[in-house]
Amino acid sequence: MKDLGDTSPPLLRVERQRWVIPARLAVTAIPYLWLLVFFLAPFFIVFKISLSEVAIAIPPYRPVFDLSEGLDVLWEKARALSFGNYVWLTEDDLYWKSYLSSLRIAAISTLIALLIGYPLAYAMARAPAAMRPILLALVILPFWTSFLIRVYAWIGILKREGLLNATLLNFGVISEPLTILNTDIAVIIGIVYSYLPFMVLPLYANLERMDHRLIEAARDLGCTRVKAFWLVTAPLSLPGIVAGSFLVFIPAVGEFVIPDLLGGSETLMIGRTLWSEFFANRDWPVASAVAIVLLAVLILPIVFFQRHQQRADEAGR
Amino acid sequence: MSGESLGSVRRAFAPWTDPDAKPFVCFKGVTKRFGPVMAVDAVSLDIFEREFFSLLGPSGCGKTTLLRMLAGFETANTGYIFLDGVNISEVPPHRRPVNMMFQSYALFPHMTVEQNIAFGLRQESGVSKAAMADRTAEMLKLVQLEGYGKRRPNQLSGGQQQRVALARSLAKRPKVLLLDEPLGALDKKLREETQFELMDLQMDLGLTFIIVTHDQEEAMTVSDRIAVMNEGRLVQVATPGEIYEQPKTRYVADFLGSINLFDGTLASRNGAAAVVETGAAGPLHVLIDEGTELAGSATIGVRPEKISIGFDRPNGAGRLNTVKGEIWDIAYYGDLSTYHVKLSSGTIVKVTVTNTTRLVERPIGWDDEVWLAWPPEAGILIAE
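Residue numbers (the numbering used here), protein chains in the order written: chain A, 1 to 317; chain B, 318 to 701.
Keep in mind that the hints were calculated from the coordinates and are not lab data.
A few chain B residues that don't get close to chain A, going by computed Cβ distances all over 12 angstroms: (1) LYS506; (2) THR538; (3) GLY596; (4) GLU610.
Computed list of lysine-lysine pairs in DSS-like fashion (alpha-carbon distance at most 25 angstroms, straight line): (5) LYS467(B) x LYS489(B); (6) LYS227(A) x LYS489(B); (7) LYS458(B) x LYS506(B); (8) LYS492(B) x LYS446(B); (9) LYS492(B) x LYS227(A); (10) LYS446(B) x LYS467(B); (11) LYS446(B) x LYS489(B); (12) LYS467(B) x LYS227(A); (13) LYS492(B) x LYS458(B); (14) LYS667(B) x LYS623(B); (15) LYS489(B) x LYS458(B); (16) LYS227(A) x LYS446(B).
Computed from the model, here is a short list of chain B residues facing chain A with C-beta under 10 angstroms: (17) ARG385; (18) PHE390; (19) PRO409; (20) PRO410; (21) HIS411; (22) PHE419; (23) SER421; (24) LEU424; (25) PHE436; (26) GLU441; (27) ARG485; (28) SER486; (29) LEU495.
Heads up, the beta-carbon is just placed ideally off N, CA and C, and yes, glycines get one too.
With the hints as constraints, model all of the structure from the sequences given.
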């Protein structure tokens, strides 16, 4: 391929366009600039706070860095950086227990959402074409109501004198009301309920465009319906499963509202710990350290997810 | 694919003419409705072992439904399907000894070529790994794709994908291979080549092939027999030659190739020779079977290539069916030219001429006055 170089535009033209930003670049630059300003910059501020010390002041921390001291002093301080707040996170077992508990609750919720969401998405994808937009609208419909109100509603359902217990008692399924509210189970129910659409939508998108002839081909070559599902449908829907699982898992780990409203005092979740550090303890530096570690914990699965996507793209689907 | 000519085998093969021959695939009064739509309407059809059989018709004529019922993907509302003497009407698709090559191939995108081909063998119990690998290699060789086993379907060209699909559907040694528009996605040249490859393959393997196609040329090329379908019914089942030269109905005559149709009434008849008075072209002479009963009205069909065209009126015996007309339109295809000739009655007659010489002294041009002629045996009498 000797003449590969010939495909680049001639020098002259490059020269002339030097100051013209290509339209395509401009279009992609806007969201990146947005992220830079509203994600990366706050992230560095939080990171900076996490390295400082708590103080009774407004804001309640003593900054380590102060640009007014000049670059030399900055450099000096950078070398003597204190990761004390991070060390503290490892010393008090509240933090790592919160992390683990969050991961556990998020993982269980994701699994349950998958078990409920997959058949739902499958049935939607197989429904008559005229029905599908309606079914899709029904999945999205809850978003039209405030998330907070929907989670509050679950209190009414799950509490001791709530709808669920009343129904079960009425039908004689149980003789004593169940304690569900203020337990981890209530939190899991809340997460599964709230994030189910995020599981269903990518799965539906994946299953809906799957070629039905592939399943027929598997049947033709000797598979029962169940086997054809496991050998063809399931592996081909893997990108949808992965996408849906991450869309549920990642926000569920950092979830605050659901454990706060439905969880008990025993329910440890990192979002709640973060909140109490910030607002109850007013310990901004430790709270910032918690947030930074949470991000690091979540970045690993995100990187894994993107790797998977890339591999899936290379494999053709 | 083999070096020897298979002409003698092909010529001798005609089990449908043998009243004692046992049909291999047999549809008995099969009907399939989709809601109010009658997809297949009381079809009874016998297909013989080693036959290359085509189901031909426009889209929506029920040909694919018929094939899918044989594969087991659709269940007949009424009627039975027999395969090799066994009623398979109620057998689920995964237990039928038939395999299907799907339209646009339906290759598994998450598997390699080898895994695709071995897929069917994997579902059988008692096939050893070594036997599976041998069979897969054999199939790859058969379709000339050695060395492509580790690729994914999306890394192959359309023609290669088609051959993988063929190998996959043959790997389990089905009793009948069903092909649903197998060459529809290929370009014209490749399609023509592949048609011949398919014919040779079918001969070599000694298998029964049933192909669904809407391409009449493809059906004519590959088939031993063709079933022409329309609106869920079989219109005519016959060899390509019979279908073309002796179409039973106006629909078949019109669907396969092009034809000039002259409607009229029987004027006189003397044994096999009949004269039909047509409004469009006057009295036309035609030869018919002596046994044919003929009522008042009749239609005569003449294929465009059976008509000769010239500036002068033919003499003698060639004078029987002669009509004068004027060149209305010319379509030049290189090898052939088609002339649209307008008769004095206003009817347009199509005439196809092979361009045997490069240069013609006086080519037929627009507005030329010409004489058309054809012998009585060129006409097809379509009684409906």
